[in-house]
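Protein chains: 2
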Amino acid sequence: MERNIIKIGLIGLGTVGSGVFKCLQGTDIKVVKAAVRDVSKPRNIENLDQSILTQDPYEIVNDPEIQIVAELIGGINPAFDLIKTAIKNGKHIVTANKELLAKHGEELFNLAEEHNRVILYEAAIAGGIPIIMPVKTILAGNKINKIEAILNGTTNYILTKMDMQGASYDDVLKEAQTLGYAEADPTGDVEGFDAAYKITTLATIAFGKRVKIENVYREGITKIKAKDMKAANELGYKIKLIASAYMNEEGKADVRVHPMLVSKKSTLAHIDYVTNAVSLSGHPVGDITLSGPGAGEFPTASSVIGDILAIASEINTTDYLLPMMRCHHGENAQMIDIADTCNKYYISINAKNNKGVIGKIGTICAENNISLASIMQKCVSEDNTADITVITELCLEKNLQNAIKLIEQDGNKVESLIRVQERGSNGFTR
Amino acid sequence: MERNIIKIGLIGLGTVGSGVFKCLQGTDIKVVKAAVRDVSKPRNIENLDQSILTQDPYEIVNDPEIQIVAELIGGINPAFDLIKTAIKNGKHIVTANKELLAKHGEELFNLAEEHNRVILYEAAIAGGIPIIMPVKTILAGNKINKIEAILNGTTNYILTKMDMQGASYDDVLKEAQTLGYAEADPTGDVEGFDAAYKITTLATIAFGKRVKIENVYREGITKIKAKDMKAANELGYKIKLIASAYMNEEGKADVRVHPMLVSKKSTLAHIDYVTNAVSLSGHPVGDITLSGPGAGEFPTASSVIGDILAIASEINTTDYLLPMMRCHHGENAQMIDIADTCNKYYISINAKNNKGVIGKIGTICAENNISLASIMQKCVSEDNTADITVITELCLEKNLQNAIKLIEQDGNKVESLIRVQERGSNGFTR
Numbered sequence: 001m002e003r004n005i006i007k008i009g010l011i012g013l014g015t016v017g018s019g020v021f022k023c024l025q026g027t028d029i030k031v032v033k034a035a036v037r038d039v040s041k042p043r044n045i046e047n048l049d050q051s052i053l054t055q056d057p058y059e060i061v062n063d064p065e066i067q068i069v070a071e072l073i074g075g076i077n078p079a080f081d082l083i084k085t086a087i088k089n090g091k092h093i094v095t096a097n098k099e100l101l102a103k104h105g106e107e108l109f110n111l112a113e114e115h116n117r118v119i120l121y122e123a124a125i126a127g128g129i130p131i132i133m134p135v136k137t138i139l140a141g142n143k144i145n146k147i148e149a150i151l152n153g154t155t156n157y158i159l160t161k162m163d164m165q166g167a168s169y170d171d172v173l174k175e176a177q178t179l180g181y182a183e184a185d186p187t188g189d190v191e192g193f194d195a196a197y198k199i200t201t202l203a204t205i206a207f208g209k210r211v212k213i214e215n216v217y218r219e220g221i222t223k224i225k226a227k228d229m230k231a232a233n234e235l236g237y238k239i240k241l242i243a244s245a246y247m248n249e250e251g252k253a254d255v256r257v258h259p260m261l262v263s264k265k266s267t268l269a270h271i272d273y274v275t276n277a278v279s280l281s282g283h284p285v286g287d288i289t290l291s292g293p294g295a296g297e298f299p300t301a302s303s304v305i306g307d308i309l310a311i312a313s314e315i316n317t318t319d320y321l322l323p324m325m326r327c328h329h330g331e332n333a334q335m336i337d338i339a340d341t342c343n344k345y346y347i348s349i350n351a352k353n354n355k356g357v358i359g360k361i362g363t364i365c366a367e368n369n370i371s372l373a374s375i376m377q378k379c380v381s382e383d384n385t386a387d388i389t390v391i392t393e394l395c396l397e398k399n400l401q402n403a404i405k406l407i408e409q410d411g412n413k414v415e416s417l418i419r420v421q422e423r424g425s426n427g428f429t430r
Numbered sequence: 001m002e003r004n005i006i007k008i009g010l011i012g013l014g015t016v017g018s019g020v021f022k023c024l025q026g027t028d029i030k031v032v033k034a035a036v037r038d039v040s041k042p043r044n045i046e047n048l049d050q051s052i053l054t055q056d057p058y059e060i061v062n063d064p065e066i067q068i069v070a071e072l073i074g075g076i077n078p079a080f081d082l083i084k085t086a087i088k089n090g091k092h093i094v095t096a097n098k099e100l101l102a103k104h105g106e107e108l109f110n111l112a113e114e115h116n117r118v119i120l121y122e123a124a125i126a127g128g129i130p131i132i133m134p135v136k137t138i139l140a141g142n143k144i145n146k147i148e149a150i151l152n153g154t155t156n157y158i159l160t161k162m163d164m165q166g167a168s169y170d171d172v173l174k175e176a177q178t179l180g181y182a183e184a185d186p187t188g189d190v191e192g193f194d195a196a197y198k199i200t201t202l203a204t205i206a207f208g209k210r211v212k213i214e215n216v217y218r219e220g221i222t223k224i225k226a227k228d229m230k231a232a233n234e235l236g237y238k239i240k241l242i243a244s245a246y247m248n249e250e251g252k253a254d255v256r257v258h259p260m261l262v263s264k265k266s267t268l269a270h271i272d273y274v275t276n277a278v279s280l281s282g283h284p285v286g287d288i289t290l291s292g293p294g295a296g297e298f299p300t301a302s303s304v305i306g307d308i309l310a311i312a313s314e315i316n317t318t319d320y321l322l323p324m325m326r327c328h329h330g331e332n333a334q335m336i337d338i339a340d341t342c343n344k345y346y347i348s349i350n351a352k353n354n355k356g357v358i359g360k361i362g363t364i365c366a367e368n369n370i371s372l373a374s375i376m377q378k379c380v381s382e383d384n385t386a387d388i389t390v391i392t393e394l395c396l397e398k399n400l401q402n403a404i405k406l407i408e409q410d411g412n413k414v415e416s417l418i419r420v421q422e423r424g425s426n427g428f429t430r
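From first to last, the protein sequence lines stand for chains D and B.
To convert, note that position 17 of the first sequence is 17 in the working numbering; the numbers rise steadily by one, no gaps.
To convert, note that position 17 of the second sequence is 17 in the working numbering; the numbers rise steadily by one, no gaps.
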């Protein structure tokens with residue numbers, strides 16, 4: 001029956017687009033047009049009808065026949081204008097564009113509401129892992145107050161390799177680039193931008209309040225040293241790049257991306273290589289963890305197709321589409337500045353090896369209201385300096401930063417400063 | 001606005017029912033009636049309006065005002081008739097009743113379709129973990145061919161404690177009963193019935209074909225010995241009660257519950273105590289694992305409420321409800337008998353300690369087309385017998401059972417026989 005065929009347009013027929021195309025072959029959902037950069041480029045898709053290809057993506061968003069547009073090119077331009085045009089033309093949107101959602105989600109969702117259309121984006125966060133749909137539907141009765149997640153496969157691959165091989169960041173990055181796990185310019189991944197885009201949108205959905213990307217604290221993995229990995233292991237931790245979001249009891253949000261010492265007892269410590277995982281805590285559900293492939297042709301296609309099927313299943317049956325899958329987040333989240341958050345810290349200090357230095361570090365910390373959980377002087381090297389490893393109890397970030405300044409003024413070098421996972425209280429102001 | 005209030009009836013106000021009631025207080029979803037066994041029993045619910053309580057659950061299923069019935073009493077009678085009556089009276093159903101779904105799901109879902117009503121049951125499988133809704137919606141584009149899951153908290157608690165304490169099954173069971181983690185009659189949990197109910201329904205949804213409980217192979221944990229735990233650990237495994245479901249390329253299903261040696265490298269090996277987890281593999285998504293609390297007042301309430309909200313969100317907006325959440329599984333799954341499945345095995349043998357015994361075991365296995373991955377003679381005890389531990393390669397269950405018979409006929413005692421997780425091929429006939 002003709003009325004059961006859903007007509008979609010794909011913008012982008014790269015890795016993910018090809019996966020989507022292949023998986024939809026033979027179904028009731030028909031790709032009637034696909035925009036590509038170069039129509040003459042050979043493609044690894046069997047039975048591809050060349051006549052559906054176009055180099056002008058506006059042919060898709062302006063095609064009155066197309067009901068759903070899947071945008072799979074990424075980046076802000078031209079994706080932003082293409083999606084806006086598509087919505088104005090009455091199309092539903094499926095996208096994997098985390099950057100666009102993080103930066104312009106509010107405008108896009110408002111526009112979609114205005115035109116009674118939906119934007120679904122399961123593929124934009126954690127690839128094939130079902131997270132957005134569960135948070136919006138089956139977990140909708142929950143008050144979620146904590147998310148800790150591994151949302152970037154490249155950095156998790158690098159950290160896993162550094163941990164297993166005792167290798168340096170630079171060496172592992174080179175290897176990852178050779179294997180195609182890291183890009184030639186790895187900045188977007190290794191500096192935490194990619195994870196920051198994802199946690200911005202995930203926190204917005206989970207908290208039901210709009211989190212702005214400019215308020216998300218971000219720190220990458222480029223300064224992590226092989227000796228930090230070793231020290232973390234000895235202390236019962238793994239170092240992971242954790243995207244986190246906390247909501248305290250006063251309704252203030254704390255959203256960030258930074259390396260974290262994660263207890264070996266926690267599920268996240270065992271998420272290795274390019275696998276992603278999202279741990280969340282809420283009431284009434286408690287703690288759940290969802291893990292799986294965070295990227296790749298087929299996993300990402302799985303999520304894109306899930307979204308397309310969700311729209312397709314209701315597109316002919318009702319005017320008021322998918323109420324649970326809409327975005328209700330008009331209000332901006334009140335945010336806590338990183339300086340006002342409470343954390344535990346791992347600090348690695350290269351100190352002048354005179355007798356008083358441990359005492360002095362201890363005094364500086366005490367004067368800044370920082371209690372120490374442990375302090376170790378590990379080895380003295382030839383140049384008469386000592387490596388000191390400190391783990392603090394929970395303390396205020398601004399107090400810690402002040403102590404660091406004073407420790408450095410005393411002639412010591414603070415080589416590493418990494419926050420430590422603290423179950424239940426991390427990220428909450430005291 | 002009166003029209004936005006959704007009126008529901010609860011059958012059962014025990015642990016889960018109370019959790020649901022508490023979480024719905026102050027929302028647009030109003031519990032207008034709750035059936036209990038004894039209305040005079042004091043309840044730990046603030047501001048409970050006693051007048052909504054009734055001892056007659058038929059008052060709920062026959063109440064024309066009630067739109068959704070949540071059945072939270074479990075068991076077959078009277079739940080089966082209550083749900084049928086409710087559906088015939090035009091109500092939507094939310095249930096946590098895994099036994100009823102496993103035994104009478106087909107009749108119930110057909111009846112619901114006939115009356116254009118839905119039955120949702122996220123809480124029936126893996127408590128608070130979102131699994132049914134994701135499989136039906138965001139993973140709907142996948143061909144799922146493998147599920148391996150820990151679906152029973154009681155047995156996982158017992159196995160975790162046996163592993164950590166080196167304790168016997170009987171001792172840990174007693175402790176679990178004292179702590180309330182196991183019932184006075186633990187049969188339903190420890191013999192695998194509970195997990196079998198759950199995997200029956202989960203496999204039915206995942207494969208899109210009806211799996212019948214009588215075709216699900218089931219084995220409990222009562223025969224697991226402390227020394228099996230120790231041997232498994234030394235070999236790089238943990239012993240878990242795994243509910244599994246495999247679909248081979250010819251479309252034949254293999255669904256079972258039995259103890260399994262699970263590689264320490266797999267996520268399931270790290271799921272401890274009462275936590276549940278579901279690992280599934282499909283195309284295009286790949287491998288994903290969802291873990292969290294499998295039981296308890298609040299986690300289960302989270303899933304019940306998620307289902308209620310899903311129905312409530314669409315109840316006033318369309319006649320054709322929640323198309324993605326319906327059950328389409330008219331066709332029965334073709335099943336593979338356990339005798340025809342391929343597995344790896346861990347076998348613990350107490351053998352007469354004469355020189356030829358290892359050779360004889362090797363010969364029996366070879367004659368039954370069983371290759372051995374390892375064979376170890378661990379210790380000789382005072383009575384002149386030896387403990388022999390064998391790990392096989394993949395072989396046919398019926399060949400293995402034949403070999404076991406011959407080994408025992410030779411005067412040896414096969415003390416334990418536990419299947420071993422084999423990534424990718426377990427459960428598929430050769």
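One or more hints might be untrue.
Copies of the same chain look alike in the list, so a pair counts if it fits in one copy or across any two.
Calculated lysine-lysine pairs in the BS3-like style (CA-CA distance at most 25 Å, straight line) [what the hints assert, rightly or not]:
hint: 1; residue 1: LYS265; residue 2: LYS352
hint: 2; residue 1: LYS265; residue 2: LYS230
hint: 3; residue 1: LYS230; residue 2: LYS103
hint: 4; residue 1: LYS103; residue 2: LYS405
hint: 5; residue 1: LYS264; residue 2: LYS230
hint: 6; residue 1: LYS223; residue 2: LYS355
hint: 7; residue 1: LYS209; residue 2: LYS22
hint: 8; residue 1: LYS88; residue 2: LYS230
hint: 9; residue 1: LYS225; residue 2: LYS103
hint: 10; residue 1: LYS22; residue 2: LYS7
hint: 11; residue 1: LYS355; residue 2: LYS22
hint: 12; residue 1: LYS378; residue 2: LYS264
hint: 13; residue 1: LYS103; residue 2: LYS41
hint: 14; residue 1: LYS22; residue 2: LYS136
hint: 15; residue 1: LYS143; residue 2: LYS22
hint: 16; residue 1: LYS352; residue 2: LYS230
Please keep in mind that the hints were generated in silico from the structure rather than gathered at the bench.
* For the identical chains here, do LYS143 and LYS22 meet the 25 Å Cα criterion within one copy, between copies, both, or neither? -> Intra 38 Å, inter 13 Å, cutoff 25 Å: inter-copy only.
* Asked: Between copies, within a copy, both or neither: which fits LYS378 and LYS264 at Cα up to 25 Å?
  -> within (22 Å within a copy, 32 Å between copies)
* Is it within, between, both, or neither for LYS22 and LYS136, if the alpha carbons may be no more than 25 Å apart? -> between (28 Å within a copy, 21 Å between copies)
* Asked: Between LYS265 and LYS352, at a C-alpha cutoff of 25 Å, which is it: within one copy, between copies, both, or neither?
  -> neither (35 Å within a copy, 43 Å between copies)
* Asked: Is it within a copy, between copies, both, or neither that the alpha carbon of LYS225 lies no farther than 25 Å from that of LYS103?
  -> neither (32 Å within a copy, 57 Å between copies)
* To do: Measure nothing new, just compare the shortest in-copy and cross-copy C-alpha distances for LYS103 and LYS405 to 25 Å and report within, between, both or neither.
  => neither (34 Å within a copy, 67 Å between copies)
* Asked: When no copy is named, should LYS230 and LYS103 be tagged within, between, both, or neither for a Cα gap of at most 25 Å?
  -> Result: close neither inside a copy nor across copies, 37 Å intra and 53 Å inter.
* 25 Å Cα cut-off: does LYS209 pair with LYS22 within a copy, between copies, both or neither? -> Between copies, since 24 Å is at most 25 Å while 37 Å is not.
* Using 25 Å as the alpha carbon limit, work out where LYS22 and LYS7 are close: within a copy, between copies, both or neither. => within (15 Å within a copy, 45 Å between copies)
* Asked: From the Cα coordinates, with 25 Å as the cut-off, is the pair LYS264 and LYS230 best called within, between, both, or neither?
  -> both (13 Å within a copy, 22 Å between copies)
* Given a CA cutoff of 25 Å, do LYS355 and LYS22 count as a within-copy pair, a between-copy pair, both, or neither? -> neither (68 Å within a copy, 60 Å between copies)
* Asked: Should LYS88 paired with LYS230 be assigned to within, between, both, or neither, using CA atoms and 25 Å as the limit?
  -> neither (55 Å within a copy, 65 Å between copies)
Hint compliance for this structure: hints 1, 3, 4, 6, 8, 9, 11, 13 are broken, all remaining hints hold.
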